[in-house]
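Residue numbers (my numbering), protein chains in the order written: chain A, 1 to 114; chain B, 1 to 111.
Among the hints, a few may not be true.
[What the hints assert, rightly or not] In silico DSS-like cross-links for lysine-lysine, where the CA-CA straight-line distance does not exceed 30 angstroms: (1) B/Lys17 / B/Lys55; (2) A/Lys13 / B/Lys63; (3) A/Lys57 / A/Lys13; (4) B/Lys63 / B/Lys17; (5) A/Lys57 / B/Lys17; (6) B/Lys55 / B/Lys3.
Note that these hints are calculated values from the structure, not bench results.
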Amino acid sequence: KAGVTQTPRYLIKTRGQQVTLSCSPISGHRSVSWYQQTPGQGLQFLFEYFSETQRNKGNFPGRFSGRQFSNSRSEMNVSTLELGDSALYLCASRSRDRTSYEQYFGPGTRLTVT
Amino acid sequence: SQKIEQNSEALNIQEGKTATLTCNYTNYSPAYLQWYRQDPGRGPVFLLLIRENEKEKRKERLKVTFDTTLKQSLFHITASQPADSATYLCALSNTGNQFYFGTGTSLTVIP
Numbered sequence: 001k002a003g004v005t006q007t008p009r010y011l012i013k014t015r016g017q018q019v020t021l022s023c024s025p026i027s028g029h030r031s032v033s034w035y036q037q038t039p040g041q042g043l044q045f046l047f048e049y050f051s052e053t054q055r056n057k058g059n060f061p062g063r064f065s066g067r068q069f070s071n072s073r074s075e076m077n078v079s080t081l082e083l084g085d086s087a088l089y090l091c092a093s094r095s096r097d098r099t100s101y102e103q104y105f106g107p108g109t110r111l112t113v114t
Numbered sequence: 001s002q003k004i005e006q007n008s009e010a011l012n013i014q015e016g017k018t019a020t021l022t023c024n025y026t027n028y029s030p031a032y033l034q035w036y037r038q039d040p041g042r043g044p045v046f047l048l049l050i051r052e053n054e055k056e057k058r059k060e061r062l063k064v065t066f067d068t069t070l071k072q073s074l075f076h077i078t079a080s081q082p083a084d085s086a087t088y089l090c091a092l093s094n095t096g097n098q099f100y101f102g103t104g105t106s107l108t109v110i111p
């Protein structure tokens, strides 16, 4: 079974621009969560999508948004980029059935904002 | 808001010894606690999950304990090997759908 894939792997953007990151979950997984990882704050939950609906949301400003498509692929968008948005963005998929809580992470997208 | 602390940022241990990592939390009552391993440049990899009504869970050389009174989880790696060197993260959730992560402990196993 193929793992979680994220594109692009690396991205350099300028302050004020916007960016879209993509995540393809493991086949059969309908839940996709997004996380931001920085050296100072660690892994912080952004949001979770399940069946094309946002189910949970972390404490991030509205500049961070996402969506999920009918094939469970998910995109995350950050508008009006700030220097502090430089981070590793990770997505994780899981089946979200009642017995499974394991999250399978992708390799991440390294975003650098200059 | 919840606060999750993992013991000292870095832990060095001799090969063959047992490594013990700590995850303490406050202002939270998780029903689920997970441990992940993360290698440089890669996403975290799930290791173990323990529920609030379970005291201990084992998987091969790994053992996790969960003490809801002390608000603490201990993660043990017995007979540690250099290949166990990585950053280990604990993650907590009260629903199983939204997990809060600690900042991680970097473990180095010295040959």
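Going through the hints against the structure:
Pair hint lysine 17 of chain B plus lysine 55 of chain B holds up; C-alpha atoms about 23 angstroms apart against a cutoff of 30 angstroms. For the hint linking lysine 13 of chain A to lysine 63 of chain B, the alpha-carbon distance of about 43 angstroms lies beyond 30 angstroms, and the restraint is violated. Between lysine 57 of chain A and lysine 13 of chain A, the direct Cα distance comes to roughly 25 angstroms. Compliance with the 30 angstroms bound is thereby established for this hinted pair. A distance of roughly 14 angstroms separates the Cα atoms of lysine 63 of chain B and lysine 17 of chain B; the hinted pair therefore holds under the 30 angstroms criterion.
Restraint check for lysine 57 of chain A and lysine 17 of chain B: not satisfied, since their Cα atoms lie roughly 41 angstroms apart, outside the 30 angstroms limit. Taking the CA atoms of lysine 55 of chain B and lysine 3 of chain B, the gap is about 21 angstroms. The hint holds against a cut of 30 angstroms.
When held up to the earlier numbered hints, the structure conflicts with 2, 5 and fits the remainder.
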